[in-house]
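Trainee: Single-letter residue listing:
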Amino acid sequence: MKASLERLTERANDEGLLDVAYTISDSPFGPLLLAATQKGLIKVSLPGHDPEETLEDLAARVSPRLLEAPARLEETRRELDLYFEGKLTEFELPLDWQLSKDFRRRALRAIDRIPYGRTRSYTDIARSAGNERAVRAAGTACGSNPIPIVVPCHRVLRSGGGLGGYGGGLPMKEALLKLEGVL
Amino acid sequence: MTTLPPFQTLLDEHAADVMGVLRGAVGRNDAEDCFQETFLAALRAYPKLRDAGNLRGWLLTIAHRKAIDHHRANGRQPIPVAEVTEVGVSDPEPGDGIWEVVGALPPKQRAAVALRYGSDLPHAEIAAALGCSPEAARRSLHEGLKRLRKELA
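Protein chains in written order, with the numbering used here: chain L, 65 to 247; chain P, 215 to 367.
Hints are computed from structural coordinates only; laboratory data are not their basis.
For each residue, glycine too, the CB sits at the ideal point set by N, CA and C.
Be careful, since some hints might not be right.
As the list claims (entries may be wrong) - Simulated restraints on C-beta separations:
#1 P/Gly267 x L/Pro95: 38 to 44 angstroms
#2 L/Pro235 x P/Asp226: 30 to 36 angstroms
#3 P/Gln250 x L/Gly94: 33 to 39 angstroms
#4 L/Glu117 x P/Arg286: 40 to 46 angstroms
#5 P/Arg264 x L/Leu152: 43 to 49 angstroms
#6 P/Gly267 x L/Thr204: 34 to 40 angstroms
#7 P/Glu349 x L/Met65: 31 to 37 angstroms
#8 L/Gly94 x P/Asp247: 38 to 44 angstroms
#9 P/Gly345 x L/Asn195: 33 to 39 angstroms
#10 L/Gly104 x P/Arg353: 40 to 46 angstroms
#11 L/Gly104 x P/Ala259: 56 to 62 angstroms
#12 P/Ala259 x L/Pro95: 28 to 34 angstroms
Isolated chain L (complex conformation) (with noise of 0.2 angstroms):
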């Protein structure tokens, strides 16, 4: 049965009928579901979160045509593991940036160019996303980030250089600071 089903995946992809392909994949914090389309990587769903909403939630808003298909993303675990490792510091994978719109993508895009072990604070990121008054809705981007750790929204922090929120928790967000060498 295993083998029909990842030829059948095989096929699917083969076909272009796989809009959605997604894996669990190990990290140091604990099991990341990654879910990618044709476009790039879409979703890093960080431990602590139901990967079973999570893919839900991707059948709505993406396509129902969803499937596990790790070989499509091979190259994001790749990275990730290297990230982890303290050996990489800037990832190369596309990203497919469609669950963000308007001010939270511009949010979003901004956080993308905060360089490896630096820090920005919200106002910043508001300012970048061209709002500088919008602090608050720059703090819901971060916490909206569909694609953290790719995604730096860990290297936001307040103004006051307390380190805000995180949606894999703080113990997380601190972790990664420490890895880039930033606390």
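Dock chain P against the given chain L, drawing on the hints supplied.
Mentor: Relative to the frame of chain L, chain P by itself:
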């Protein structure tokens, strides 16, 4: 609009059943090809599916059609006739057991028996898969079983 679950869920929940039905319908050797064709067809049609109420029945209907396609492709081209008589289609294959005898039943009886005992479907779902009324499904099943008993006696 109904929300469709991730297609992976359909595989997790129903792939084994679909394979079981196909093994009963076309035999172990050809079940794999029909299985691939069934799920690729389902995947193609899936985003436009209106009703997510009976996904299992939907998949089994497709599987049933693929099994019929398979029998046709094996050199049994349909010829237009005034009256349709059901003719047994058999795929002799190595191996033993009751499914070989089931494989020799007329198509509707064979499908009904495979759906009932191969994948444990209730009459209503067999009817949905065969595109007939529950009564007709029950009749096919009954006739199929009667014939099996005779064959195996």
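Trainee: Taking the hints in turn, state whether each one holds.
Mentor: Hints and how they fare:
Checking the proposed 38 to 44 angstroms range against P/Gly267 and L/Pro95 shows it is violated: the Cβ atoms sit about 32 angstroms from each other. At roughly 33 angstroms, the beta-carbon separation of L/Pro235 and P/Asp226 lies within the given 30 to 36 angstroms, and the hint holds. Checked against the hint of 33 to 39 angstroms, the pair P/Gln250 and L/Gly94 passes, with Cβ atoms roughly 35 angstroms apart. At about 44 angstroms, the CB distance of L/Glu117 to P/Arg286 agrees with the hint of 40 to 46 angstroms.
Between P/Arg264 and L/Leu152 the CB atoms are about 46 angstroms apart, so this pair conforms to the stated range of 43 to 49 angstroms. For the pair P/Gly267 and L/Thr204, the supplied restraint of 34 to 40 angstroms holds, since their beta-carbon distance comes to about 37 angstroms. For the pair P/Glu349 and L/Met65, the beta carbons lie near 34 angstroms from each other, so the given range of 31 to 37 angstroms is met. Against the hinted window of 38 to 44 angstroms, the Cβ-Cβ separation of L/Gly94 and P/Asp247 comes to about 40 angstroms, which satisfies the hint.
Distance hint check: the CB atoms of P/Gly345 and L/Asn195 are about 58 angstroms apart, inconsistent with the given range 33 to 39 angstroms. Checked against the hint of 40 to 46 angstroms, the pair L/Gly104 and P/Arg353 fails, with Cβ atoms roughly 54 angstroms apart. Under the hint 56 to 62 angstroms, the C-beta atoms of L/Gly104 and P/Ala259, about 26 angstroms apart, miss the expected range. A beta carbon spacing of about 32 angstroms between P/Ala259 and L/Pro95 agrees with the range 28 to 34 angstroms that was offered as a hint.
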